[in-house]
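Enquirer: Here is what each chain is made of, one letter per residue.
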Amino acid sequence: MRLRHYRHLLFVLPALLVYGVFVIYPTLSAFWLSLFDWSGVGISMNFIALTNYVEALQSTELYRAGWHNLIFFLAILAIQNTIGLFLAIQLDARPRGVEFYRTVLFMPVLVSLVATGFIWSLMLSPNIGIINPLLKDLGLGGLAQPWLSSKTFALPTVIIVQAWQMLGWSIVIYLAGLQGIPAELREAAQIDGATSWNVFRHITFPLLAPSFTILTVLTFILIFRVFDVVYVLAGPAGAPAGATDVLGTLIYRNAFGSTGAFAGMSLRMSYAISISVIMFVFLGIFSAILVLWLRRREVRI
Amino acid sequence: MSDVPQHHATPKRQFVGLTRHIILIVACLVVICPIAYMFIASFKTIQDFFEFPYGLPTIWEWQNYVRAWEEANVAVTFTNSVIVTGLGVLGTTTLASLAAYGLSQPGKPLSTPLFMLFVGGLLIPVQLIVLPLFILMRQLSLSGTLFSIILPYSALGLPLAVLILVPFFSALPRELVDAARVDGASELQIFYRIMLPLVRPALAAVIILDGVWMWNEFFIPLVILTKPATHTLAVGIVSFFGLYSTEWGLVFASVAISTLPLIVAYILLTRQFVAGLSAGALKG
Numbered sequence: 008m009r010l011r012h013y014r015h016l017l018f019v020l021p022a023l024l025v026y027g028v029f030v031i032y033p034t035l036s037a038f039w040l041s042l043f044d045w046s047g048v049g050i051s052m053n054f055i056a057l058t059n060y061v062e063a064l065q066s067t068e069l070y071r072a073g074w075h076n077l078i079f080f081l082a083i084l085a086i087q088n089t090i091g092l093f094l095a096i097q098l099d100a101r102p103r104g105v106e107f108y109r110t111v112l113f114m115p116v117l118v119s120l121v122a123t124g125f126i127w128s129l130m131l132s133p134n135i136g137i138i139n140p141l142l143k144d145l146g147l148g149g150l151a152q153p154w155l156s157s158k159t160f161a162l163p164t165v166i167i168v169q170a171w172q173m174l175g176w177s178i179v180i181y182l183a184g185l186q187g188i189p190a191e192l193r194e195a196a197q198i199d200g201a202t203s204w205n206v207f208r209h210i211t212f213p214l215l216a217p218s219f220t221i222l223t224v225l226t227f228i229l230i231f232r233v234f235d236v237v238y239v240l241a242g243p244a245g246a247p248a249g250a251t252d253v254l255g256t257l258i259y260r261n262a263f264g265s266t267g268a269f270a271g272m273s274l275r276m277s278y279a280i281s282i283s284v285i286m287f288v289f290l291g292i293f294s295a296i297l298v299l300w301l302r303r304r305e306v307r308i
Numbered sequence: 004m005s006d007v008p009q010h011h012a013t014p015k016r017q018f019v020g021l022t023r024h025i026i027l028i029v030a031c032l033v034v035i036c037p038i039a040y041m042f043i044a045s046f047k048t049i050q051d052f053f054e055f056p057y058g059l060p061t062i063w064e065w066q067n068y069v070r071a072w073e074e075a076n077v078a079v080t081f082t083n084s085v086i087v088t089g090l091g092v093l094g095t096t097t098l099a100s101l102a103a104y105g106l107s108q109p110g111k112p113l114s115t116p117l118f119m120l121f122v123g124g125l126l127i128p129v130q131l132i133v134l135p136l137f138i139l140m141r142q143l144s145l146s147g148t149l150f151s152i153i154l155p156y157s158a159l160g161l162p163l164a165v166l167i168l169v170p171f172f173s174a175l176p177r178e179l180v181d182a183a184r185v186d187g188a189s190e191l192q193i194f195y196r197i198m199l200p201l202v203r204p205a206l207a208a209v210i211i212l213d214g215v216w217m218w219n220e221f222f223i224p225l226v227i228l229t230k231p232a233t234h235t236l237a238v239g240i241v242s243f244f245g246l247y248s249t250e251w252g253l254v255f256a257s258v259a260i261s262t263l264p265l266i267v268a269y270i271l272l273t274r275q276f277v278a279g280l281s282a283g284a285l286k287g
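Quick note, the sequences are listed as chains A and B, same order.
According to our numbering, the first sequence is numbered sequentially starting from 8.
According to our numbering, the second sequence is numbered sequentially starting from 4.
In case anyone wonders, no lab produced these hints; they're calculated from the structure.
Be a bit skeptical, because a hint or two may be false.
Stated by the list, open to error - Here are the in silico distance ranges between beta carbons for each label pair: (1) A:L299 to B:D181: 37 to 45 Å; (2) B:D181 to A:L297: 39 to 47 Å; (3) B:L32 to A:N134: 21 to 29 Å; (4) A:K158 to B:L32: 29 to 37 Å; (5) B:F42 to A:V48: 37 to 45 Å; (6) A:M52 to B:V185: 55 to 63 Å; (7) B:L32 to A:E62: 44 to 52 Å; (8) A:L192 to B:K15: 19 to 27 Å; (9) B:F18 to A:E68: 49 to 57 Å; (10) A:T159 to B:F42: 30 to 38 Å; (11) B:A39 to A:K143: 20 to 28 Å.
The C-beta atom is built at its ideal place from N, Cα and C for all residues, glycine as well.
Please take these sequences and the hints and turn them into a complete structure.
Expert: Right, here's the structure in full:
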C-alpha cells in the first residue's frame, strides 16, 4: 500500500535524473570550482579559497559590465512601455488589417539574435551600410555617426538593435492585457466626460499592472543573460574599449579568451566561474526586490 | 447602451483612424525593412555591396546559397541544428509531460517540493551553468558529440515546460484515470492513451517555445560545441564570419537559411506561435 502511494514519482524520475545531472549538479559545482586557481585545461588546480571573489569584487570591469546590464534593462523596459504599449493600444482599437499588423510586429521575436546582429551590423557599417547614406539622402547627414566604433553611441546602438528584436513581446503581452479589460469600464468613464488621456491614466493603465509585471520579469530574465547581440556587433571584448561590455561577454572572455575559444593566452576558468556566482547572488537579491516591488504595486493600484 | 458614442465616420474619427494606420504602417516598415534587407543582401555580389549599398542586386547571385551550403559549412551546421532542435524538443517534451503528469496528482507526497525544484530552475542564469556544463561534458567524454548539447537542452527546457504542463494535467478530471484503471489499463497506458492527448494545446506551446529557443540559441552551443563538425547554424555563421569577414554575400545567405524555417513556420501557424510563445511569457 505504501509503494502505491509513491507510484506517481516513477513518472517524475527520468526528468529528475536529467535535471539533476545537467542543471542542479553544474549549478552546485560552480560554487566549488570557483574556489580554485584553474585555467580550465590541465590538472593544475590549486585551492585558493575566496581569492577569486576578492579579485573580482575589486576589478572595475565587473562593475562596468554590471552597470551596462542595468542600463540595458532599464532602456529596454522604457522602450517597451512607451513604443510597445502605444502600438498595442493602436492594435486594441481593432483597425482594418489588425491581424496583419500583429503578425508583422511580432515577427522579429522569431529572428535569432545572431541574425539580428548580422543584419544590423551590415546596415550600420560605415563602408557598406545603409543607415548613414540614408540619413544623408534625407538631408540629415549631420546625424550620421560611426555607430559601433563611437564610445558614446555604441551601447545605445546595441540596445536599440536588441529592442528591435524584443519589441514584439511587449506588444503581444500588452494587447492580451488590454483585451482583458471590460469595454464597459472605459465607456462608463467616457460618458462621465473623462478625456481619453484620463481614461488611459486612471482606468486602462492601472488595470494593465499584471501585464507590466510579466513584461518586467521577462525583460529582466532576458536582459541579464544578454550576450548574442553584443558578441556579434562588438565582439567578446565589448568594443570599443569595453563601452558595450556586459556580464555575459566578461564571463565568456575570461573563460575562453577574447579571440575565440582557446586562442587566448591567459584562460581563467575558475575566475570566470566566480564572476558568474557573484552575478547569480546579485540576481537573486535583485529579483527578490523586483518581485516584491511589482507585487506591492499591483496591490496598490 | 444607447448613450454610448456611436462609431460614426465623423471627420475627426476618420483622422484618428488614418493616423493610426500611418503609425502602424511605419512600425511595420521598421520591422520588415531589415528582414527584407537580409534576404536582398543574401543575393548580392561583393561588388554590389560596395557600389549599390541600398539598391537591389544588379545580378541576383544564387551562387551565394550554393557556396554557403558547401564552403561556409552550412550543409553540416544546418543538419546539426535540425538534429539538436529535434531531439532536444523531443527529450524535453517527453520528460516534462511524464513529470508534469506525475506531479499533477493532488495530495501525493513530494509533489509541491519537486514542482518548486523544477520551476526554480528559471532563476538560474545560463552564465552560471554553462562553464560547469562544459567541464562536465569533458568528464563524461561527451564533448565533441551532439549529445553534449542535446542533453543540456533537454534539461534546461524542463522548468518552463513543467510550469506550463502541470496546471493543464491538474485540470483534467480524475474520474478518467479511475475509469481507465477499472478497465484494466496500465499506468503508462493511462498516461499515453488518455491523459496526454487531452493536453495537446499545452504540448504545442511547449514544442514551439522550446523549438524556437533551441534553434536560435547561441551562447550555450558557442561554449560547449568547440569542434566545427558539431557546430549549430548560429555558431557556424559566427565562426565563418570570423575567418572570412568580407564574404558578406555568403554570410547573409547563411543567415537567411537559418532564419527562413522559423519565419515560414510562423506565417503558416501564426495563431499557434503567438499563443505558444506568449503561454511561456504569461506563465513566467
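Enquirer: Indicate, hint by hint, whether the structure satisfies it.
Expert: Results of checking the hints against the structure:
no.	hint	result
1	A:L299 to B:D181: 37 to 45 Å	holds (42 Å)
2	B:D181 to A:L297: 39 to 47 Å	holds (44 Å)
3	B:L32 to A:N134: 21 to 29 Å	holds (25 Å)
4	A:K158 to B:L32: 29 to 37 Å	holds (31 Å)
5	B:F42 to A:V48: 37 to 45 Å	holds (42 Å)
6	A:M52 to B:V185: 55 to 63 Å	holds (60 Å)
7	B:L32 to A:E62: 44 to 52 Å	holds (49 Å)
8	A:L192 to B:K15: 19 to 27 Å	holds (23 Å)
9	B:F18 to A:E68: 49 to 57 Å	holds (53 Å)
10	A:T159 to B:F42: 30 to 38 Å	holds (32 Å)
11	B:A39 to A:K143: 20 to 28 Å	holds (21 Å)
Consistency with the previously given hints is maintained throughout, with no hint failing.
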